[in-house]
Amino acid sequence: MSAGVPLPRAFYERPATDVAPDLIGKLLVHESGTRTAGRIVEVEAYCGVGDPAAHSRRGPTARNASMFGPPGHLYVYLIYGLHWCANAVCAPAGVGDAVLLRALEPTHGVRHMAVRRRVADCRSLCSGPAKLTQALGIGGEHDGCDLTSPSGLSICDDGVVPSDVARSARIGISSGTDLLWRWYDASSAHLSRR
DNA sequence: TGCCTGATTGCCT
DNA sequence: GGCAATCAGGCAA
Numbered sequence: 060m061s062a063g064v065p066l067p068r069a070f071y072e073r074p075a076t077d078v079a080p081d082l083i084g085k086l087l088v089h090e091s092g093t094r095t096a097g098r099i100v101e102v103e104a105y106c107g108v109g110d111p112a113a114h115s116r117r118g119p120t121a122r123n124a125s126m127f128g129p130p131g132h133l134y135v136y137l138i139y140g141l142h143w144c145a146n147a148v149c150a151p152a153g154v155g156d157a158v159l160l161r162a163l164e165p166t167h168g169v170r171h172m173a174v175r176r177r178v179a180d181c182r183s184l185c186s187g188p189a190k191l192t193q194a195l196g197i198g199g200e201h202d203g204c205d206l207t208s209p210s211g212l213s214i215c216d217d218g219v220v221p222s223d224v225a226r227s228a229r230i231g232i233s234s235g236t237d238l239l240w241r242w243y244d245a246s247s248a249h250l251s252r253r
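When the letters of the first sequence are read in order and numbered with our numbering, they come out as residues 60 to 253.
One or more hints might be untrue.
Here are the simulated distance ranges between beta carbons [as the list claims (entries may be wrong)]:
1. Tyr139 <-> Val220: 13 to 23 Å
2. Gly118 <-> Arg252: 27 to 37 Å
3. Thr236 <-> Tyr136: 17 to 27 Å
4. Arg252 <-> Ser208: 16 to 26 Å
5. Arg170 <-> Asp237: 15 to 25 Å
6. Arg182 <-> Thr120: 27 to 37 Å
7. Thr93 <-> Arg117: 34 to 44 Å
8. Arg117 <-> Gly140: 14 to 24 Å
9. Arg170 <-> Arg117: 23 to 33 Å
Calculated directly from the structure, the hints in this document are not laboratory data. Glycine residues also receive a C-beta, built at the ideal position from the N, C-alpha and C atoms.
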């Protein structure tokens, strides 16, 4: 089963609100001896300075540096002291746009994901932003890695087109909830749903 | 220097 | 449904 080819950097060099809906249906792939991958079924856009809910709203810091770096790279951060979350950096360097990957439908290495997650239910493997990073073995060491290279972490297009993309307000934030910047595949059984 | 909060999850009642 | 786990960034003193 092919995982397709990595998306080119030009794909990411647009506002996060344009990139986010186009990421639904793509594959997040991690080549680390064994391949683990999943189809993206839920994302949220965070738009740099001006977005009250974005980490980048107050400009670059040591933590969010990669969010202000060139597009097509990964921004990984630690939340609540114990959970890693992964974002695809968008727009030209210096803007601070990123798309949070919130849920995947497991496609490759499901058994390996189950071991990392310590759960058997397929729907619990990647149905949340911190769950998918644990399932794919993503951590702080992957902050800033290039998603357009086929080795390591990448986001690929295998030609599959999502059938039913819907949008809503973002989840888990206290401001900016009036913006409909969450996109998801309404036909998927692997959403984070809360 | 110290306190508070957070793009979450999972266990307990 | 409620809440603890656990820590770095951001801001007040």
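Structure-based check of each hint:
Checked against the hint of 13 to 23 Å, the C-beta distance between tyrosine 139 and valine 220 comes to roughly 35 Å, which is inconsistent with it. Under the hint 27 to 37 Å, the C-beta atoms of glycine 118 and arginine 252, about 33 Å apart, fit the expected range. Evaluation of the 17 to 27 Å hint for threonine 236 and tyrosine 136 yields a pass: the beta carbon distance comes to about 21 Å. Look at arginine 252 against serine 208: about 33 Å separates their beta carbons, and that is not inside 16 to 26 Å.
Take arginine 170 and aspartate 237: their Cβ atoms lie about 42 Å apart, and the range 15 to 25 Å is violated. Distance hint for arginine 182 and threonine 120: a CB-CB separation of about 36 Å, consistent with the stated range 27 to 37 Å. Distance hint check: the CB atoms of threonine 93 and arginine 117 are about 39 Å apart, consistent with the given range 34 to 44 Å. Checked against the given bound of 14 to 24 Å, the beta carbons of arginine 117 and glycine 140, roughly 21 Å apart, stay inside it.
Between arginine 170 and arginine 117 the beta carbons are some 42 Å apart, a value that contradicts the proposed interval 23 to 33 Å.
Consistency with the previously given hints fails for numbers 1, 4, 5, 9, ordered from lowest to highest.
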